[in-house]
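Enquirer: Here are the chains, one letter per residue:
Protein chains: 2
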Amino acid sequence: MADVLAASKPSDWRPVDPENTLYMDLAAGRIVIELQPEFAPKHAANLRALTRAKYFDGLAITRSQDNFVVQWGEAHAPKSFGEAKPALAPEFTRPAAGLKFTALPDPDTYAAQTGFVNGFPAAREAAQGSAWLVHCYGMVGAGRDNDAGSGSGAELYVVNGHAIRMLDRNITLVGRVLQGMDVLSTMPRGRGPMGFYQKPEERTPIMQIRLAADVPVAERTNLEVLRTDTQTFTDLIESRRNRTDEWYKVPAGRIDVCSVPLPVRKAK
Amino acid sequence: MADVLAASKPSDWRPVDPENTLYMDLAAGRIVIELQPEFAPKHAANLRALTRAKYFDGLAITRSQDNFVVQWGEAHAPKSFGEAKPALAPEFTRPAAGLKFTALPDPDTYAAQTGFVNGFPAAREAAQGSAWLVHCYGMVGAGRDNDAGSGSGAELYVVNGHAIRMLDRNITLVGRVLQGMDVLSTMPRGRGPMGFYQKPEERTPIMQIRLAADVPVAERTNLEVLRTDTQTFTDLIESRRNRTDEWYKVPAGRIDVCSVPLPVRKAK
Chain W
1 MADVLAASKP SDWRPVDPEN TLYMDLAAGR IVIELQPEFA PKHAANLRAL TRAKYFDGLA
61 ITRSQDNFVV QWGEAHAPKS FGEAKPALAP EFTRPAAGLK FTALPDPDTY AAQTGFVNGF
121 PAAREAAQGS AWLVHCYGMV GAGRDNDAGS GSGAELYVVN GHAIRMLDRN ITLVGRVLQG
181 MDVLSTMPRG RGPMGFYQKP EERTPIMQIR LAADVPVAER TNLEVLRTDT QTFTDLIESR
241 RNRTDEWYKV PAGRIDVCSV PLPVRKAK
Chain D
1 MADVLAASKP SDWRPVDPEN TLYMDLAAGR IVIELQPEFA PKHAANLRAL TRAKYFDGLA
61 ITRSQDNFVV QWGEAHAPKS FGEAKPALAP EFTRPAAGLK FTALPDPDTY AAQTGFVNGF
121 PAAREAAQGS AWLVHCYGMV GAGRDNDAGS GSGAELYVVN GHAIRMLDRN ITLVGRVLQG
181 MDVLSTMPRG RGPMGFYQKP EERTPIMQIR LAADVPVAER TNLEVLRTDT QTFTDLIESR
241 RNRTDEWYKV PAGRIDVCSV PLPVRKAK
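Read top to bottom, the protein sequences are chains W and D. In this text, residue positions in the first sequence follow full-length UniProt numbering: the first is 1, and each later residue adds one. In this text, residue positions in the second sequence follow full-length UniProt numbering: the first is 1, and each later residue adds one.
Bear in mind the hints are in silico, worked out from the structure with no lab data behind them. Heads up, the beta-carbon is just placed ideally off N, CA and C, and yes, glycines get one too. Check before you lean on any hint, since a few could be wrong.
Okay, derived cross-link-like pairs now, DMTMM-like style, lysine to aspartate or glutamate, Cα gap no bigger than 25 Å in a straight line [claimed, not checked]:
| id | chain 1 | residue 1 | chain 2 | residue 2 |
| --- | --- | --- | --- | --- |
| 1 | W | K249 | D | D145 |
| 2 | D | K249 | W | D182 |
| 3 | W | K249 | D | D182 |
| 4 | D | K249 | W | D25 |
| 5 | W | K85 | W | D182 |
| 6 | W | K249 | D | D147 |
| 7 | D | K266 | W | D147 |
| 8 | W | K199 | D | D182 |
| 9 | D | K249 | W | D145 |
| 10 | W | K266 | W | E224 |
| 11 | D | K199 | W | D182 |
| 12 | W | K249 | D | E74 |
| 13 | W | K266 | D | E19 |
| 14 | W | K79 | W | E125 |
| 15 | D | K249 | W | E224 |
| 16 | W | K249 | D | E125 |
| 17 | D | K249 | W | E74 |
Derived coverage of chain D by chain W (criterion: at least 3 residues anywhere in the stretch with Cβ under 8 Å from a Cβ of chain W; other residues may be distant) [as the list claims (entries may be wrong)]:
| id | region |
| --- | --- |
| 18 | 101 to 114 |
| 19 | 255 to 261 |
Construct all of the structure, not just a fragment, from the sequences and the given hints.
Expert: Following this line, the structure appears as structure tokens:
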């Protein structure tokens with residue numbers, strides 16, 4: 001993989017749009033999240049509005065469940081939602097038509113086809129069926145109650161273990177963590193049911209969440225992601241399907257959608 | 001799943017054999033690891049010998065790589081191996097014949113068939129082909145160098161993120177963590193290449209590793225695991241393939257081998 005990336009061209013990378021980038025500042029550092037409005041435009045817009053209303057500032061990481069999710073924010077904090085809506089129609093799936101979908105050749109337990117759309121892991125029924133983002137490590141979703149239309153983005157979670165694919169098409173995924181996943185994944189596990197913290201002092205405070213576009217240019221974390229519609233990315237997939245490092249004795253010859261690295265680097 | 005477990009009979013559970021149980025004591029608590037000698041008899045025996053030679057006592061957690069592995073011990077510490085061998089023939093696969101294999105009905109990216117053997121996630125080519133343990137979250141393997149026969153168990157790792165199935169059949173899996181995974185998974189990530197800690201003080205010391213059989217009965221952690229060759233376990237799989245909780249809108253109808261819970265409880 002290192003060889004493939006070393007041979008990449010500048011045009012194989014794209015900058016991360018500041019309008020689709022959230023910075024969550026914790027004492028331990030900045031978490032950078034990229035939103036995916038092709039799949040969840042309403043949730044992305046609501047997150048921009050919630051962020052601009054400073055909804056998350058002073059809230060906390062409320063849950064850390066081993067091999068499941070870390071969660072933050074609150075669905076109903078006594079704070080202003082600003083321009084944001086209190087609940088959104090589900091964005092669990094969308095039509096596959098119109099997406100630049102780089103398909104993986106290998107079988108998947110859960111979906112007819114898996115692959116990548118603009119740097120995000122995804123699945124689809126068929127090229128003309130429905131498509132959805134998938135719950136790989138580092139993917140960010142919007143919590144909801146039993147009502148499918150009860151999510152708003154005010155409560156978010158990130159996958160911190162094995163992919164939780166049974167959640168696919170049941171909840172809205174809206175983005176992924178590009179930087180700082182190591183901070184979230186090592187949060188002490190909560191001792192309450194479903195990994196919720198039981199005492200306020202166990203929670204990690206969120207200093208602030210800001211939209212990168214609202215942050216002075218000099219203070220931004222400028223990242224680039226490898227485009228997934230490039231020959232370089234196809235070469236990367238192949239290099240991971242058939243590892244040629246001397247260490248490997250039996251290359252798998254296959255790969256699952258959540259095992260393909262999605263490279264991120266600092267913008268040059 | 002809670003309903004299925006509540007309806008389980010005492011005979012659906014088996015005690016964990018003290019001869020196949022390692023206790024790794026850290027300041028943060030005891031990690032309990034069950035060995036799997038049906039697949040890795042030589043590595044299990046070597047771990048008993050290394051443990052009895054107190055090989056691990058005073059060594060440390062040396063590596064914590066995000067979404068990959070946490071690793072401990074050392075291949076070549078200046079300590080006595082006691083009765084243990086310095087290197088073992090690989091135990092990457094074994095014949096499937098003779099195993100009580102509870103097969104999953106769903107397709108898998110990497111193997112012709114996946115399922116469970118005596119409480120461990122596994123795969124096989126066919127009922128008469130080869131079989132192997134798989135790299136799910138919490139599975140423990142024996143590190144090795146490039147030579148397939150260079151592992152000994154003196155260096156161990158545990159999967160701390162998405163399943164690393166590309167390692168299947170390339171390295172010897174020897175057990176799984178039954179208790180304390182939350183301690184290992186939240187180890188601060190190492191900043192060196194591959195998540196190795198760079199400074200000695202970043203490492204978490206291992207106070208001791210003992211075989212449960214060598215620990216006074218009163219000091220043991222007595223656990224039971226749900227037998228995977230029971231109707232109760234088959235019912236549990238079904239309850240997870242098709243979630244009927246009100247929250248789920250689209251039951252997956254499928255499950256991958258690393259998403260099936262393998263219940264553990266305190267012995268009664």
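Enquirer: All hints are to be evaluated individually against the structure, with a verdict given for each.
Expert: Verification of the supplied hints:
{"no.": "1", "hint": "W:K249 / D:D145", "verdict": "12 Å, holds"}
{"no.": "2", "hint": "D:K249 / W:D182", "verdict": "31 Å, violated"}
{"no.": "3", "hint": "W:K249 / D:D182", "verdict": "31 Å, violated"}
{"no.": "4", "hint": "D:K249 / W:D25", "verdict": "34 Å, violated"}
{"no.": "5", "hint": "W:K85 / W:D182", "verdict": "31 Å, violated"}
{"no.": "6", "hint": "W:K249 / D:D147", "verdict": "9 Å, holds"}
{"no.": "7", "hint": "D:K266 / W:D147", "verdict": "36 Å, violated"}
{"no.": "8", "hint": "W:K199 / D:D182", "verdict": "18 Å, holds"}
{"no.": "9", "hint": "D:K249 / W:D145", "verdict": "12 Å, holds"}
{"no.": "10", "hint": "W:K266 / W:E224", "verdict": "6 Å, holds"}
{"no.": "11", "hint": "D:K199 / W:D182", "verdict": "18 Å, holds"}
{"no.": "12", "hint": "W:K249 / D:E74", "verdict": "23 Å, holds"}
{"no.": "13", "hint": "W:K266 / D:E19", "verdict": "50 Å, violated"}
{"no.": "14", "hint": "W:K79 / W:E125", "verdict": "40 Å, violated"}
{"no.": "15", "hint": "D:K249 / W:E224", "verdict": "35 Å, violated"}
{"no.": "16", "hint": "W:K249 / D:E125", "verdict": "17 Å, holds"}
{"no.": "17", "hint": "D:K249 / W:E74", "verdict": "23 Å, holds"}
{"no.": "18", "hint": "101 to 114", "verdict": "holds (count 5)"}
{"no.": "19", "hint": "255 to 261", "verdict": "holds (count 4)"}
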